[in-house]
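Chemist: Protein chains in written order, with this note's numbering: chain A, 1 to 366; chain B, 367 to 797.
You can take every hint at face value.
Quick partial rundown of chain B residues pointing at chain A, CB under 7 Å, derived from the structure:
| no. | residue |
| --- | --- |
| 1 | 482 |
| 2 | 485 |
| 3 | 486 |
| 4 | 496 |
| 5 | 497 |
| 6 | 499 |
| 7 | 569 |
| 8 | 570 |
| 9 | 571 |
| 10 | 572 |
| 11 | 639 |
| 12 | 662 |
| 13 | 745 |
| 14 | 758 |
Simulated from the structure, these hints should not be mistaken for lab results.
All values reported here derive from a predicted model rather than from experimental measurement.
Where is the CB? At the ideal position from N, CA and C, for every residue including glycine.
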Amino acid sequence: MKFKTLLLAGAASAMMTSGAMAIDLTIVSWGGAYSNSQNEAYHKPYMAANPDVNIINDESSAEAVAKLRAMNEAGNVTWDLVDVVASDAIRLCDEGLAQEINFDEALAPAPDGTPASEDFGDLIVSDCFIPQIVYSTTFGYRTDVEAWNGREPDDICDVFDLENFPGKRSLEKRPINNMEWALLCDGVAKDDVYDVLETEEGVQRALAKLDTIKDQTIWWSAGAETPQLLADGEVVIGSTYNGRLFSLIEEQDQPVKMLWDAQVFDLDGWIVPAGLSDERKAAVMDYLKFATDTQRLADQAKYISYGPARKSSAPLVGKHAELGIDMAPHMPTDPKNATNTFLYNYEWWADYRDDLDAKFQAWLAG
Amino acid sequence: MNTQNPASTDTGPDENPQVLTTRDGIPLKVSLARALRREKLRALALIAPLLLFVLITFAAPIADMLFRSVENGIVSETLPKTVEVLATWDPESGEIPDQAAFTALYEDLKVAVEEKTHTRLGSRLNYEASGMSSLFRKTGRRIGRMEPAEATVERFIDIDKDWGTVETWAVLKRYSPTITPGYFLNAADMQLTAEGVEMKPENERIYLYLFWRTLFLSLTITFSCLLLGYPVAFLLAALPARSANLLMILVLLPFWTSLLVRTSAWKVLLQQQGVINDFLVWTGLVSDAGRLVMINNQTGTIIAMTHILLPFMILPLYSVMKTISPSYVRAAKSLGATDWTAFWRGYFPQTVPGIGAGAILVFILAIGYYITPELVGGTDGIFISNRIAYHISTSLNWGLAAALGVILLLAVMLLFYVYDKIVGIDNVKLG
Chain A
1 MKFKTLLLAG AASAMMTSGA MAIDLTIVSW GGAYSNSQNE AYHKPYMAAN
51 PDVNIINDES SAEAVAKLRA MNEAGNVTWD LVDVVASDAI RLCDEGLAQE
101 INFDEALAPA PDGTPASEDF GDLIVSDCFI PQIVYSTTFG YRTDVEAWNG
151 REPDDICDVF DLENFPGKRS LEKRPINNME WALLCDGVAK DDVYDVLETE
201 EGVQRALAKL DTIKDQTIWW SAGAETPQLL ADGEVVIGST YNGRLFSLIE
251 EQDQPVKMLW DAQVFDLDGW IVPAGLSDER KAAVMDYLKF ATDTQRLADQ
301 AKYISYGPAR KSSAPLVGKH AELGIDMAPH MPTDPKNATN TFLYNYEWWA
351 DYRDDLDAKF QAWLAG
Chain B
367 MNTQNPASTD TGPDENPQVL TTRDGIPLKV SLARALRREK LRALALIAPL
417 LLFVLITFAA PIADMLFRSV ENGIVSETLP KTVEVLATWD PESGEIPDQA
467 AFTALYEDLK VAVEEKTHTR LGSRLNYEAS GMSSLFRKTG RRIGRMEPAE
517 ATVERFIDID KDWGTVETWA VLKRYSPTIT PGYFLNAADM QLTAEGVEMK
567 PENERIYLYL FWRTLFLSLT ITFSCLLLGY PVAFLLAALP ARSANLLMIL
617 VLLPFWTSLL VRTSAWKVLL QQQGVINDFL VWTGLVSDAG RLVMINNQTG
667 TIIAMTHILL PFMILPLYSV MKTISPSYVR AAKSLGATDW TAFWRGYFPQ
717 TVPGIGAGAI LVFILAIGYY ITPELVGGTD GIFISNRIAY HISTSLNWGL
767 AAALGVILLL AVMLLFYVYD KIVGIDNVKL G
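Based on the provided sequences and hints, a complete structural model is requested.
Modeler: If you want it as structure tokens, here you go:
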């Protein structure tokens, strides 16, 4: 009898210790093909090397900022690592909802010993944000539009040219990117765009340019809309993220081509929520060191056509995991695609976003 | 009940024979009232857990969220000394505040930077004046390395020239009270300026228009639900049970299908390269170049939402119609009424409670609808709720979202009141 109790107690304590050893990491990302690429390139190898870690995927990145704020107010942060775009990371950092990172201490150096902060270089746009990929917002167009008589757009301003390129367009339902493109095509030099946009006349000028295509435009709010609209033939040209267009063209084999002209670069990466316990923080930092090293970032590009954020990862980008095609020519950062690019100004938009959004929405509704 | 049969009530000679008492001498009225009170308390005790649950998990969070529409403690909490100094400063003077204000600002920001609250204040003030966000971020970066002696007017203006403008300080002063009307003014397309409250510039007005459109579209949707739902409910109530059940399943089937699936199905049907347009082109009713635009605009919102909300109209109508005896219409006809008169004067008035219930249900659901207008509404078919969602999840301006929510809530309550006055809420029947 006594022996049996002892045995039971032993078994119970063994279960408890193994329970304490297993660590759950809740990692928040965008879902779909993007989460899948992270799962293959980061989560699976990490869990194979650390059997005591269990990664839980949460697909809430689209509402991450609002949810993190709510969790923080409630004093119960349940997320360990969150994938957000750079502008959201800046706001989370501003609000004190994300932890500041010491890049050289927390992240692995490049294989040749270059410290992480140098390897990421200019892409470190906030103290809280570890960049992962460079993506771009750019246009795709259908190649079978009869009314175009064999012409193909090769200039961003062809989007505004209804005479040579008639048909419906799709643009994102927000001022960011659209205002910049409108000004570029209204004759403003690339370096002056934000100076012009800061003035009331500049805003009116951009909206007037957008007015010329307003009734031929379908406005999207989710990245998946433009690929669907292009596939259905609802629009003939539309903006979206380059990775979505890649899967439309290469994986689904639709008659669509990329117009890389004036693509707008943006960053996506990790933030660590503020207010984690030391234990959880240690676990997540260990994962982070692994998931943002040179090889892991390069591996992700096997599954999705977004450019790795480390300079040292670029030469390691190989072939697509299933299609077996070279991924480098599909990267927004490939020299052939990046002949004319536009840089998104985070600081500027952080200041003027509310103001311009009000004007843009009033213009849309009017 | 401890009351007794009045016949056995003991009535003494010196007592008023009119007052009935119980056996223990307590007047019957009092005893009855006591018993009723006990009953009520018992009932209250029984529902207390539910009541508390609703209060804690429903009413309190809503009240808390709504309170954000006026709450503005952040300025005086982050910059307490500056706010105090600014109290004596008059923006009308046209001069920026003196050194005392800059010293106070330096001391406040020194603390704020350590606690990392200065950026939060920056994003709060940026809702009122563009550029505040980077002003505070930039100043915060420099303040850490600054000695108290360096906190001069010139040094601050050197960091950012905005510190040298009256407007920056005026905004700080204007938003220093802990309660602000700012969010409500924004929600009504107005703003607080040095001259007082005024309308925003024409090209920034959007919310009043959106409120009006939300109201108009919700009424349109309610009306079209009634138009389509009434005959269906009539048929359901009139048919024999077997075929009525089949029809009922047809009504309920879409009701049980995911909202997103139904909305996406409408996309497939209505888009320009969609099923309906393809069919119209095939029959030659419209030309290939003249395909109808039926989605990503108001038409799309009205069609999709009418379809989605239709069961909420049909079910209350059906349950009311089911209780109307067919003998009334028969009686009317036997007394010489035409089919129309028998329906309009005999049948229809009895269905009004069902119409009332259905209309209220559909209207209240419609006015707060979010996902369907977002997906099929394009630019002119979206509702105020889409802007509330935007401010909650994207712009993070929760104060403005709360103010818009309060206005929407009040508008619905007002309409409810008007409805009660005109139709009477007692005339509503869900079955």
